[in-house]
Structure formats: structure tokens, C-alpha cells
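Colleague: Residue-level listing of the chains:
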Amino acid sequence: MSVAAPRPRPLPARRERKQRSPAGSLSRPRIHPFDDEAWLGRMLLAPAVIYIVALVGFPFFLAIFYSVSDATVGSTTLHFVGLRNYERILQDPTFWRSLRNAVVFTVVSQALVVVLGKILAMALYADFPGKWAVRFLILLPWVAPISLGSIGWLWIFDPVYSVINWSGRALHLFGPGFWPIWLGQPDLAMASIVMVDVWRLLPLATVIILAGMSSIPQDIHDAAAVDGAGFWRHLFRINLPLIMPIMLVALLFGIVFTFTDLIVVYVLTRGGPFDSTQVIASYAYFTGVQGGDLATGAAISLFLFPALVAVAIVFLTIAKRTEVT
Amino acid sequence: MSGPPFSVIRSLRRGGHVLLLAAFVAFLAFPFYWMAITTFKSTRDLIDTTHNPFLFGAPPTLNNLRVLFFQTDFGRWIMNTIEVGVLVTLITLVLAVPAGYALARLSGRWGHRLGIAIFLTYLIPPTILFIPFSRIVADVGLQDSLWSLVLVYPSFTVPFCTWLMMGFFKSIPRDIEEAAMIDGLSRFRAFVKVVVPVSSAGMLTVVIFTLTLVMQEFVYALTFITTSAHYTVSVGVPTFLVRGDVYFWGSLMGACLIVSIPVAIVYNLFVDRFVAGFTVGAVK
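So the sequence lines, in the order shown, correspond to chains A and B. First residue of the first sequence: 1, per this note's numbering; consecutive thereafter. First residue of the second sequence: 1001, per this note's numbering; consecutive thereafter.
Check each hint, because a few of them may be wrong.
Unchecked claim - Distance windows between CB atoms, simulated:
| # | chain 1 | residue 1 | chain 2 | residue 2 | range |
| --- | --- | --- | --- | --- | --- |
| 1 | B | N1063 | A | R270 | 40 to 46 angstroms |
| 2 | B | M1079 | A | I119 | 27 to 33 angstroms |
| 3 | A | R321 | B | L1062 | 57 to 63 angstroms |
| 4 | A | R270 | B | V1266 | 30 to 36 angstroms |
| 5 | A | R84 | B | T1226 | 47 to 53 angstroms |
| 6 | B | R1189 | A | S214 | 50 to 56 angstroms |
FYI, nobody ran anything at the bench for these hints, they're computed from the structure. Only a predicted model underlies this, so the values are computations on that prediction, with no experimental measurement involved. Here a beta-carbon is modelled for each residue, glycine too, at the ideal position from N, C-alpha and C.
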């Protein structure tokens, strides 16, 4: 299992054959066969690269620039203010709270997603009747627009008509005085958004892990069975190590999606109650767009970047390590 | 190992398997069942806590859907979403198909690096870019215009689809275009005349994913668009149908369901390719 794209096969041998035959001579002066094709490659790549640089690279640097300025939504001029915005943010208790919430939100939900995703992938691995329908139902949360899925949860968590509370009452699991307000009590609100995030990302993690499991050659399973490896031994010694690279892919995407997510929090809690579910992304939105303070908003959102770079470094290190083998 | 205990273990395992899957399906699909039943319930039925909420306590009604279609801009939001989706898809195809081909066939080491660089743009998500974009969009006069979305959305569809097409082209045998080139076509003409026609499956995948990514996008649309007539579905439903403390639950759930289910059906047919788009190059 090699990480990182396989390098394109070098072409010279074939190209020589092709160029040789029309010329009919073996003693042609050596023209570098890659020249025109490299030029064509660049021409084909250029539009996409220019677009991405213009619409990802440029705004990214603009975000950095705004974060050291006093830009607001209304103003047309802006001034360089150095690191003042960052200083202010670092003294802002709401920011620290958002950072802590974002980390808790990401770590807890991704731990659950990886464990549950592995279990679900194992349950889906073998063929069984009705597998297509089960897969369809399981994939629904990932494919439905998340803003709308979150609205569905908003109704499930409704303070008065919550179906969870109704069922708890009906099954006598909830005592008479027990009526949780899911999105209105700080700890429950965090648990609720974690649950929605798990609900949303579990299908993606599951299908990625499934893809990894089906890429393990059958002989390895057979050999393990012949050697008498039991279920747990097989799982921890063979299955998990072999799908580790692809599980890391699933995990890293999950971390990127969750750590930068704004939608679940925006729809369900708007960061409340008392900022107990405020995360960096939502705080940046409320400050930068709704509050009109572009500079501070940009500075807040840029705190996401070091975390994502760390993710990238982990990813590339693993990529490199497995590429060598 | 003798017969009977083995079969007992087997049926126990099978029972456990079914139970496990049932639990996962219940968790993952329940909200959609909930949307469906809420859509067809009358408001009085919904807010009567003595009724069993899993069943209809009053006759089903189409009133919620009537409100959705005739008293909101829902139809308009769907049209807006389709309009943006089609334009973004065209831009994405024009940019990503040639780039994917170049990365798969024409570039050596630097192309490999560029491929990884394109992949890394996933790490600069909309959450970092929406603030500078809100100003850029205002500066170029596209505030509250669907064109702002047409301009910005390819910034996340092009990297993903380039990666997807690269994987697709790598799976096509080189002999196809090499035979054409031996017949005298240039590499570029071989690409246009021979490779593109056999790539329709890959391009269809690009079309499906671009459309669904556009449909799901929320952050940019929320930031750029300010009037109801210009909303896309994913922003219009949660912002317009939730007014202060008044929730039109039946209509909200109907909107969620109407948008989600068709997308889910189409998507389900292509999910393996979607996974490949995430993992190609990461795991072979």
C-alpha cells in the first residue's frame, strides 16, 4: 500500500520507438523527447493552477493582511496596525473558550467517528441480503446538505417537543422531574453538537475504511486463519495495521472538516448557551461578518491554520514513510 | 470443533450482526424518518404532547408542502441552486479535465509535487477564506449576486475534481492515445479526440460531485447573499423558514427531505468514486 500518487512511468523508451520509425534511422541526433510534452502539460495545467492561486492563494494572503490591519465591512481604507488584533484576541476570554471548545468538539467527535466507523465497516464488509439498502440508509447523513440535516436535529432537540425526551418519558427512562433541554444546557449542548457531527461524518469515515479493508489481499487473511489467529489477534495484528494509512486519511479529513466547521454550530446553537459551543469558526463568523470587524475575524480564523498545517505535516510524513517501503 | 455448538455460535453471531447494523441504521437514518413524518403532520398534531410522535395522531396533511411551495421562495431557491450548479460545473470541467490529464500523463516529478499541492488546498477551507472573500466580492460589485457564488465555488470544486480526473486518467491504458499518436495525431489532438470521449464516466462523476458540493455549500452563500430571492437552498431554508422563535417545522422538514433524498439517490451510485477522489494518491 503506497501512500502518495505513483509517479507517472517515464516515457522515453516508447517515445524513441515512435520517433524512430518515421525517421527510419537509429542514428538521429538525440532530441530531448520530453520538451514539447512538458510544454503541453503546462498549458493544460495553467488554467486550473491560475484559478486556484487566484481564488485560494490570494484570499489566503489577504486574510493574513487583514489580520494585521483595521479593516471593517464599511470602511474603504485600511491601516496597518501590527499585531494589535492578535494581542486583543489573546486577551479575549471568549476566544480561549472557542479554541478549547473547538479542540474538545474535534477530538471527542473524531475519536467516536474512527471507532464507530471501524465497527460499522466491519459489519458492512461481508455480503448480506439487502446490503444496498443498508448502505443507502447509512450514507444519507453524509450526502444530505448538512445545513438541512442540522435543521432536522434542531427539531429532534426541540426544548418542548423533543422526540428523545418523549421517548425517554414513555419508556420510563426519564424520571418525572427530568427534562433535558438539549441545546440550552452547556454540557448537553456540546454533547448534542458532537452527536450531530458524528452523525454527519461517520458515513464518510466508514466508506473510506471499507475501501481500505477491501484492498487487503485475501491471502493475508487466509494465512492468518491457517496460523490460527483469533478475532482480536487478527484485528489488532493484521487488520488494523494494514488499514492504518487509510484510517489516517479518514481521520485527517474528519479533523479538517470538524475543526473548521461552522454550519452545525450556526444552525443548532449559534455558539450558545453562554458561548459554551462557540468554536473558532463560528466566533470568526460572528465577529468578522455579523459584527463587521473583518480584521479581528480574519485574525481569529487564522488560528485554524497552524492546526491544519500540523495535520498536513502528519499526513505528508506518513505519506513519505510509506512511499519508501 | 463439533457441529451443534458451531452453528449456535454462528446464529448468535448473525443475530449480533443484524442487531449492530440495525442500531447504526437507526442512528443514521432516524432524522430522515423524522423529517418525513413531520412533513405530513398537521401543526396541531405536532404540538400535542399526548400524541405518540412516531405516528399520525391526526390525518396526514399536505398543508406544510403547500406553504413551502406557495408562501416561500423555495422554488426560486432551487432554481438559483441549479443555475449556480450548472455554471460552476462548466467551469470545473473546463479547468479540471485538462489539468487532471496533465498530472496523470505529462508531468514527471514536478507534476507529482503539484498534485500534492492541489491536494493541500483542502487545508485552506472556506472558514479561513470567507472573510477576505466577503470584501473582495463587495469590491468587485458582486455583493448579493449569484455570480459571486459562480466565481468562488470553483475554488473548492476544481482541486477535488482535478484529483478525481487524475485518478481516472491513470486508470485508462496509455495504449489508447499512443495508438492514435502513432497514427499521426499530436498528443493534444489525441487527448481531445480519443481520451476525452472514453472519459465520459469520469466526467459524469465530476458533474455529479460539483452539483452536490454546490448544493451543500453554506458558508459562502450565507456570507455573500443577503436577499431571499438570491438564496440557494442550503441557506434559504434555515435562514428564511426560521424567523425568530417561529419555526415552520412541517415546511422546514419537507424542504430538507425534498432536497436531501434525490441528492442521496444519485450520490449513492457514485460513492465509490467519491471515496477514490479522497484517497487516490493517498492509498493505492
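Colleague: So, for every hint listed, does it hold in this structure?
Modeller: Hint-by-hint comparison with the structure:
no.: 1; hint: B:N1063 <-> A:R270: 40 to 46 angstroms; verdict: violated, 29 angstroms
no.: 2; hint: B:M1079 <-> A:I119: 27 to 33 angstroms; verdict: violated, 42 angstroms
no.: 3; hint: A:R321 <-> B:L1062: 57 to 63 angstroms; verdict: holds, 59 angstroms
no.: 4; hint: A:R270 <-> B:V1266: 30 to 36 angstroms; verdict: holds, 32 angstroms
no.: 5; hint: A:R84 <-> B:T1226: 47 to 53 angstroms; verdict: violated, 30 angstroms
no.: 6; hint: B:R1189 <-> A:S214: 50 to 56 angstroms; verdict: violated, 38 angstroms
The structure does not agree with the numbered hints 1, 2, 5, 6 stated previously, though it agrees with the rest.
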